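All chains, full assembly: derive it from the sequences and hints.
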Amino acid sequence: DAGVTQSPTHLIKTRGQQVTLRCSPKSGHDTVSWYQQALGQGPQFIFQYYEEEERQRGNFPDRFSGHQFPNYSSELNVNALLLGDSALYLCASSRTGPNYGYTFGSGTRLTVV
Amino acid sequence: ELKVEQNPLFLSMQEGKNYTIYCNYSTTSDRLYWYRQDPGKSLESLFVLLSNGAVKQEGRLMASLDTKARLSTLHITAAVHDLSATYFCAVVSNFGNEKLTFGTGTRLTIIP
Numbered sequence: 001d002a003g004v005t006q007s008p009t010h011l012i013k014t015r016g017q018q019v020t021l022r023c024s025p026k027s028g029h030d031t032v033s034w035y036q037q038a039l040g041q042g043p044q045f046i047f048q049y050y051e052e053e054e055r056q057r058g059n060f061p062d063r064f065s066g067h068q069f070p071n072y073s074s075e076l077n078v079n080a081l082l083l084g085d086s087a088l089y090l091c092a093s094s095r096t097g098p099n100y101g102y103t104f105g106s107g108t109r110l111t112v113v
Numbered sequence: 001e002l003k004v005e006q007n008p009l010f011l012s013m014q015e016g017k018n019y020t021i022y023c024n025y026s027t028t029s030d031r032l033y034w035y036r037q038d039p040g041k042s043l044e045s046l047f048v049l050l051s052n053g054a055v056k057q058e059g060r061l062m063a064s065l066d067t068k069a070r071l072s073t074l075h076i077t078a079a080v081h082d083l084s085a086t087y088f089c090a091v092v093s094n095f096g097n098e099k100l101t102f103g104t105g106t107r108l109t110i111i112p
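Chains as they are written, first to last, in my numbering: chain A, 1 to 113; chain B, 1 to 112.
Just so you know, these hints were derived from the structure itself, not from any lab. Check each hint, because a few of them may be wrong.
Here are the in silico distance ranges between beta carbons for each label pair [claimed, not checked]:
#  : chain 1 : residue 1 : chain 2 : residue 2 : range
1  : B       : LYS68     : A       : LYS13     : 41 to 51 Å
2  : B       : LEU71     : A       : PHE60     : 45 to 55 Å
3  : A       : PHE69     : B       : ASP38     : 22 to 32 Å
4  : A       : PHE69     : B       : LYS17     : 44 to 54 Å
5  : B       : ALA69     : A       : ASN71     : 35 to 45 Å
6  : A       : GLY101    : B       : THR77     : 18 to 28 Å
7  : B       : HIS75     : A       : GLY16     : 21 to 31 Å
8  : A       : GLU51     : B       : THR73     : 32 to 42 Å
9  : B       : THR20     : A       : GLY101    : 20 to 30 Å
10 : A       : PRO8      : B       : LYS68     : 41 to 51 Å
11 : B       : MET13     : A       : GLY16     : 16 to 26 Å
Short derived list, chain B residues pointing at chain A, Cβ under 7 Å [unchecked claim]:
#  : residue
12 : GLY59
13 : ALA85
14 : PHE88
15 : LYS99
Partial pick of chain A residues on the chain B-facing surface, computed with a CB cut under 7 Å [as the list claims (entries may be wrong)]:
#  : residue
16 : ALA38
17 : GLY42
18 : PHE45
19 : GLN56
20 : PHE104
21 : SER106
22 : GLY107
Source: prediction; values computed, not measured. We put the CB at the ideal spot given by N, CA and C, even for glycine.
This is the structure we're talking about:
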């Protein structure tokens, strides 16, 4: 049973560029959440997608946007990259209903130079 | 706004010793998670605590939840080197949302 798959694993971008990160949820999961983890800090919630809609959003600017596809996979887009966007981006999938487990992917390490 | 605090932030302990990591949170919740993270890696789920008084144990780790005190503990018994990692607690508030709010993390180093 495949877990959560994220791609790419590493990425280097220049300030001002745009980036797209991808996530395939665990089989049977229909909800995808994205987190940003800066070095030495705990993950911060960016947003969550369910039924192809953004259900909840954290304190991140509009430069951060996302999408969920009918197969439950998801993308995170970041526009106008800043040096401070350098972080590990984690995708977590879960299943709605009385199931309280979150499965995290291995993450995408984004470096903005 | 839900705040989650862990202490200590850094913990260096000798093999064979016992210690406890504390996780306090600021609003009502009955769902608390503990994760382990190795350097450069993702989060590994350790425990899910769903009710007041919940206690779960796996190997040398035991987690408990006191929702009235808004406190969870992660107890390490007879530490071994391979427990060295950063440990995070994360809380879901009771107000209809599903986002995890993470603590600051505790970096645990086990010294032989």
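Evaluated hints:
no.	hint	verdict
1	B:LYS68 x A:LYS13: 41 to 51 Å	47 Å, holds
2	B:LEU71 x A:PHE60: 45 to 55 Å	29 Å, violated
3	A:PHE69 x B:ASP38: 22 to 32 Å	31 Å, holds
4	A:PHE69 x B:LYS17: 44 to 54 Å	49 Å, holds
5	B:ALA69 x A:ASN71: 35 to 45 Å	43 Å, holds
6	A:GLY101 x B:THR77: 18 to 28 Å	25 Å, holds
7	B:HIS75 x A:GLY16: 21 to 31 Å	48 Å, violated
8	A:GLU51 x B:THR73: 32 to 42 Å	37 Å, holds
9	B:THR20 x A:GLY101: 20 to 30 Å	25 Å, holds
10	A:PRO8 x B:LYS68: 41 to 51 Å	45 Å, holds
11	B:MET13 x A:GLY16: 16 to 26 Å	45 Å, violated
12	GLY59	19 Å, violated
13	ALA85	14 Å, violated
14	PHE88	6 Å, holds
15	LYS99	4 Å, holds
16	ALA38	12 Å, violated
17	GLY42	4 Å, holds
18	PHE45	4 Å, holds
19	GLN56	5 Å, holds
20	PHE104	4 Å, holds
21	SER106	5 Å, holds
22	GLY107	5 Å, holds
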